[in-house]
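A.B. asks: The primary structure of each chain is shown beneath.
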Amino acid sequence: GATTPTPAATQAPAPATQAPAATSAPATQPAATQASSGTAPDCTQANVFCVGDVTDVGHVDDKSFNQSTWEGVQKAKTDGVVDWAQYIETSDSKDYAKNIDTFAQAGYKVIVTTGFNLTDPTYAAAKQYPNIMFIGVDQGLQKDANHPDWPLPNLVGLVYHEDQSGFLVGALAAMISKSHKVGGVFGTDAVPAVWRYGEGYAAGAAYEDKKNGTTTTVTRVYHNDVGFDKTFTDPDWGATTAQSMIDKGADIIFGGGGITGNGAVDKAAADKVLAIGVDTDQYYTLPEADPYLLTSAMKPIPGPLEDLIKLAKSNKFPTNGLYYGASGYAPYHDTANLVPANVDAEMQALLKGLTDGSIQTGVSAAKPAQ
Amino acid sequence: MQSTADKGFIRRLGQLLNPLLVPFLAIVTAVILGGIIIKVVGGDPIAAYKGLVQGAFGSPSALSETAVWSTPYIFAGLAVALGFKGGLFNIGAEGQIAFGAVAAALIGYALPGWLHTSIPPYIHIPLAVGAGILAGAIWGGIPGALKAYTGGHEVINTIMMNYIALNITSYLLNGPMRDPNPLNLSARTPEIAVSARIPPIFDIPGMRVHWGFVLALLMAVVVWWLLWKTTLGFEIRTVGANPDAAKYAGINVKWIITLTMALSGALAGLAGAIEVTALNYRHELGFSTGYGFDAIAIALLGKNNPYGIILAAILFGAMRNGATRMQFLTQIPIDIISVIQALILLFVAADAIIRFIYRIRAREERVVLTRGWGG
Amino acid sequence: MDWRRFAIIALIIVVMFGTVVLIGTSQNSPLVIITSMMATTIAVATPLTLGALSGIYCERAGVVNIGIEGMMLGAAFFGWLAAIYMNTIFHYPAMPSLIVGVIAAIITGGLFALLHAVLSITFKVDQIIGGTVINILAAGITGFLNRQLFFGAGSVFHGQIPNAPGVLPTIHIPLLADIPTVGRIFEQQPIAISAILLVIITHFVLFRTRWGLRTRAVGEHPRAADTVGINVIRMRYMNVIIGGFLAGLGGAYFTLEAISSFEANMTNGRGFIALAAMIFGNWTPFGAWTAALVFGAAQALQINLQFFRELIPPQLAVLQNSYVVGLAPYLLTMLILTGIIGKTIPPAADGKVYEK
Amino acid sequence: MTANDIVLEANEITKHFPGVLANDHVSIDLRKGEIHALLGENGAGKTTLMNILYGLYKPDSGQVVLNGKSIVIHSPKDSIEAGIGMVHQHFMLIPAFSVAENIMLGDETTHAGVLDIKAVSQRVRELSHQYGLEVDPDAKVGQLSVGAQQRVEIVKTLYRNANIIILDEPTAVLTPQETEDLFRIMRQLTARGVSIIFITHKLKEVLAVADRITVMRAGRVAGTVKPKETNEPKLASMMVGREVILTVQKQPARPKDEVLRVEDLRVLDDRDLEVIRGVSFDVRSGEIFGIAGVQGNGQTQLAEALTGLRPMKNGKVIMAGKDVSGKPPRPIIETGLAHIPEDRQRHGLVLSYSVADNMVLCNYYLEPFARGGVLQQEKVDENARRLIRDFDVRTPSPYVPTSKLSGGNQQKVIVARELSRPVKLLIASQPTRGLDVGSIEYIHKEIVAMRDRGVGVLLISAELDEIMALSDRIAVMYQGQIMDVVKANEATKESLGLLMAGIKSSETAEAAAPRP
Ligand SMILES: Nc1ncnc2c1ncn2[C@@H]1O[C@H](COP(=O)(O)OP(=O)(O)OP(=O)(O)O)[C@@H](O)[C@H]1O
Ligand SMILES: Nc1ncnc2c1ncn2[C@@H]1O[C@H](COP(=O)(O)OP(=O)(O)OP(=O)(O)O)[C@@H](O)[C@H]1O
Ligand SMILES: [Mg+2]
Ligand SMILES: [Mg+2]
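Chains as they are written, first to last, in our numbering: chain A, 2 to 371; chain B, 897 to 1271; chain C, 2 to 357; chain D, 671 to 1186.
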């Protein structure tokens, strides 16, 4: 697909801390999780640029993409792009439309909706309010029976190649692992992004195996046996699963599924085993794991999201309906000394290859129906 | 003379309102405490509650949304209450709702295909909703039968059935029943046929309140009639009040227990079926989380009285619905609603506390459900 | 705890382990698999065991407690919170912070139990309703505070993700822990170890001591206990609160031993499974413990089957479906409750309000 | 009599319960080594007074004097320390515990917190030897006969060195022999200086064993008399406040065709032990067939099996010509059965229901009370008003919950319901248990009237007097079997007593030892 590289993408490979993903993180952290304070201006005024964020069922402090999205909106506000930012947390899927509407009625100029589940409500709202710009995070739309008028001039889906991020960290894991056993603990594979992370992880490892004539066993366990609402918020399960992998000799654990994954990363670190984070650079979200955090498979939302908001403000909103955020991997931070120069070089090559399309992950968009 | 007449009148009025008095005071107390909590954590209770009320009743569409929210609460609340009347504690509404939804969705989207023909709404809707009711009845009937014939306690069993329903639904929505549309990336069924959709009451955009709400109100009347006016109701209540006496009186206790749980499940299944056929037009993983537990609170708040349950359900629906606006205006986390609801339940359950605070005479009878675990 | 029951439990566990060993043997040695599955089993069983023991104290004294879920959730939160306060605000080192956390968790459990006691003993609220209140209340409060404290206006930590003091350290049981591979089983964290010790202690207390005799008397026939001068109300209060302490310790496992963070509703229904374990175990400590192990084994099975997904032979393809495998513990529970594995007999006055 | 041999004294005790004045300025005293009988109809306030002396209830006013010193008893703990022991109307034993555990409970011997069962068992053996109360400390109480359980209760008080023992209706559940045994023990105790308060409804016993008799009526003391100064009719009228006919008038029965035939019936109890071991008998219309026997010899299970409440293991039950073996209750009821259950509150009534609803408990689904599955409330209320009038049930209205009614009136609700239905067979289990002479008199009249209307009556009762007063034929049950069937006019209390103790007239009386 048409990729729009962002700073995060091009600079992430640079070792140490040049990556905005990295440097920006500590800066945004304190502000990021703050709710708006002060009183709302009258967003209906043409000159007042208000941005609203409707979360998926869940909370803006979920240490996962609901939070990253809100961080992006906040970032835009702190950078002065936005006059007023506000969020509404969805408590039940039946409220999606209502929550979007609440912002629309209040005259917000840009409405960000988070998560694949809001695809249809967002599309509907975009048609209903042609003058409001809509950004759908993780909402990869195409023209089809249900969305005949796609692409809409006021609707953009912010999407990622999670399989590429997964591919990168998988490759790294294969190159670093001593036991050539690596594990991945994920939320339910019913969520496409999760599936792409997981399978990309395996693909990346296989790619390097082929290259170096190694054979790395990549075990992936998805948390499918609980409710949709629980699968990303069951750290205890994540920890237990990671433990079980470590017991069987895995020496790198990829925690890929919101808080469930965090459990795995924490557990690995507690057992002094290398861990790989997900979505954001978890060096900043899981401090207790820092000494053993090898890297994180990144789909940095704040940067691209802010870019989109800027474009919306300057009426240069993309019209092709999709906007690809860069995939990447986070700096090694405290574990940099474990990554030999040649491995790092290979990683940068891989990122480049994936970005320009010369390397394909071969991972399908979603888990094929059983 | 005159004054005594007044006294008599006031006493009669008191008797009339007494059942409502304690729940009302419980709500008031909970709301006050909730306000204090908001204040403590640095929010503005007045603004918050203003937002809450606005969001729930402030506009026609707000009212409509409140009704939409209340609908499943009424059904589920009735389900739990019916169980209570039969001496059974159905914590499984959650799973029964999910199964009702799955079944309704299946009939909703698949039946025309199976029959290779389109079906008129007046047939398709009843079939879809009926399927939901049946599914719920089965899902409730199983723990009922287990209780009746093996003594396995329904509290644990219905909870287990929730998890089982969850796994099976996940499996179905990721596999056989998954929306085949290649662009669909989430675990959900296809949309149900138009002929299976219950229409909204007003066809005004943004007014989603549908005939399911009316059906819910009717169902409350039906349940009341069933319990208090029919021999079956007499049998259910007798088994609930004293199973031994019921057996002595020639009532088939095992069957009534099974039937009661099945009916309870059917009502819960109906809740799910209506959500699918009248609102979402498909079933999706992650839908209906927590209805089952809210339903318990609603049944207790409504004192297991169908009409009380309508009021309780509307209250809860209004809170959930108004929460959005409250958060939008004040950024106070929606979770405060759960706290307030828990407090309401607390005070309703332990009405002695309320009676103590407000110095109200105690009443004699008390809800008793616990039969120990043996059965 | 009759032998038939033990045999059946042993059989179930052996079958579960065996399946995985057969499937995974080409990738890991049986010893490694069994060891790791045992480790998982013990880890998963820890909160279940503590929850079940909590239930045993309450119900042996005649108070049904389905609020264990809520008690554990509340304890998990406030224990974790206390640890973070110590560590981040008062800058204590990790270890003391964690200990304070555990104590806080235990106290929290006790306080929730006190509420349950007040409701069901003093106010004579139906005990199942009392428990339900606890569950809903705990979910609401923890969800709200977790949010309010760490996020948004008025949050204590100004939106900083506080630096949690990590988890309780692993204890290497001397000698045993040094055995190659198998030794892994004897590297356990404090709460897991104390859970097993508490099983033994509880058994002793219930069946060998005055306290136990009186507790059981109060649960079997409170009026009889009353007529020999035993203070029924006091005994019930004490045991419910002791139960709360145990549930609290179980809660601490989630945020201070398993991992170092709290999530809304992170107990995910384990409190109810614990109840099932208690019933399966026929209200005896060892019975409940073994039952908890079965649930642990079931989860170990599930994880490991996904682990060896590729190796599962086609004729067992059903095992590849984690949803199907996921049913195991729940179906098992229901099967147990039917009593086909031996009838369980609750204390005679369990769940009955005592009126003088 | 000098004041100093008065060991216990209750002065002007008053106790209110919601709606009841249970004790109204009651004063009684107990002398060292005497048996002081307390007599009075149901609800007269006997148990309440004793519960106050024992510290289970607090009196509203009045005080308790022990050995001349006024004491305050807050709880059983205090009374136990004061040397007062009580054997309750309903035993206070834990079936799941062993005898030793039951006895030590609340007064445990421990070593470093650990129970010392051995020491306790030893002590129990000593006591039982000393007073000739045989109990096995290691037996499970649940397995013991009622008589044995009572001995355990008495040992329990002795274990606590009680020198004042309260026995609340101890004989209600004993055979004549067991009763004699109990009296022997009581005399033994008094000989050792123990003082006993002995509560009963049975006038004969009082006259037989008591040194003094205090009669209570409606919460007041109606008077205290010596046995030699009074007789049964006098006591009865003191109790009830009017003349009472103690004997039942009835014409000789005119039995017609058979309404119940039972062939080789075998039934298991809850512990799967065979408690009915091959019972056969028949009941004819127009006769009262009495089944005598000590509690726990299978009468309960017999009634339950015949009425379909309990599955039968084997055998045949023919009711009014229909084979109803193993049928559930409803079809059996519909063949024309009326059943007065043994446990009125457990089986007979839904206490939370109104009197009216309880009065249609068995036929709510039939015309005219229901049409097409819909209840006809006005018909139900009508029916209630009629029965309340006809059977003179003392209730404020048909709509009050039966839980508010007195024991006897609760029983009357059941009797009214069962006797007002057109039936061929009446099974009455312990129809007058725990009721006062007034109520008993009434219910007996009704049962006889039923017989004379040509209904067959199966009367199951542990009250030998009742059986003998009502029955035309008497069967005696012992350990699940029928020892013998005799004509009422040929039976004597002694012969029946022996049969009840399991001794066929052929055997010698030496074998008449109480069962282990
Ligand atoms: N706990 C109680 N609450 C309310 N009323 C009670 C209670 N206990 C007894 N009563 C009432 O007090 C009165 C005296 O009861 P009590 O048990 O002393 O009578 P009794 O003489 O023992 O009768 P019985 O011969 O049936 O045992 C009765 O009216 C009874 O219903
Ligand atoms: N447990 C109780 N709680 C409250 N009130 C009670 C209780 N037991 C009895 N009563 C009240 O005491 C009154 C008398 O009850 P009780 O059963 O002692 O009467 P009684 O004298 O035994 O009558 P009867 O001789 O017909 O059995 C009843 O009307 C009832 O309202
Ligand atoms: Mg009475
Ligand atoms: Mg009495």
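These aren't lab readings, by the way, just hints derived from the structure by calculation.
Take these hints with a grain of salt, some might be off.
To be verified - Derived list of chain B stretches under chain C, where covered just means 3 residues or more per stretch with a C-beta under 8 Å from a C-beta of chain C: (1) 1062–1076; (2) 1134–1146; (3) 1239–1252.
Unchecked claim - When the alpha-carbon atoms are kept at most 27 Å apart in a straight line, the in silico BS3-like pairs for lysine-lysine are as follows: (4) D:926 x D:898; (5) C:125 x B:1199; (6) C:353 x D:747; (7) C:125 x C:353; (8) D:728 x C:353; (9) C:344 x D:898.
Said to hold, decoys possible - Chain D regions said to be covered by chain B (calculated; three or more residues, Cβ under 8 Å): (10) 992–1000; (11) 1024–1036.
The beta carbon of each residue, even a glycine, is placed where N, CA and C say it ideally should be.
A.B. asks: In terms of beta carbon proximity below 8 Å, does the region 992–1000 of chain D have 3 or more residues touching chain B?
C.D. replies: holds (count 3)
A.B. asks: With a Cβ-Cβ cutoff of 8 Å, does the region 1239–1252 of chain B contain at least three residues near chain C?
C.D. replies: Answer holds; 7 residues pass the 8 Å Cβ test.
A.B. asks: Would the pair residue 728 of chain D and residue 353 of chain C pass a check requiring their Cα atoms to be no farther apart than 27 Å?
C.D. replies: Roughly 24 Å separates the two Cα atoms, so the pair holds.
A.B. asks: Mind checking the alpha carbons of residue 353 of chain C and residue 747 of chain D for me, to see if they're no more than 27 Å apart?
C.D. replies: 24 Å, holds
A.B. asks: Does the alpha-carbon distance linking residue 125 of chain C and residue 1199 of chain B stay inside the 27 Å limit?
C.D. replies: Status holds; Cα separation ~16 Å.
A.B. asks: Are 3 or more residues of the region 1024–1036 of chain D near chain B, judged by a Cβ distance of less than 8 Å?
C.D. replies: holds (count 5)
A.B. asks: Assess, step by step, whether the Cα of residue 344 of chain C is no farther than 27 Å from the Cα of residue 898 of chain D, and give holds or violated.
C.D. replies: 58 Å, violated
A.B. asks: Closer than 8 Å Cβ to Cβ for three or more residues is the test here. Does the region 1134–1146 of chain B pass it with chain C?
C.D. replies: violated (count 0)
A.B. asks: Between the alpha carbons of residue 926 of chain D and residue 898 of chain D, is the straight-line distance 27 Å or under?
C.D. replies: The given pair, whose Cα atoms are some 47 Å apart, is violated under the 27 Å limit.
A.B. asks: For the pair supplied as a hint, residue 125 of chain C and residue 353 of chain C, confirm whether the alpha-carbon distance does not exceed 27 Å.
C.D. replies: 9 Å, holds
A.B. asks: Under 8 Å between beta-carbons, do enough residues of the region 1062–1076 of chain B, three at least, approach chain C for the coverage claim to hold?
C.D. replies: holds (count 5)
Hints 2, 4, 9, counting from the list given before, are not met by this structure.
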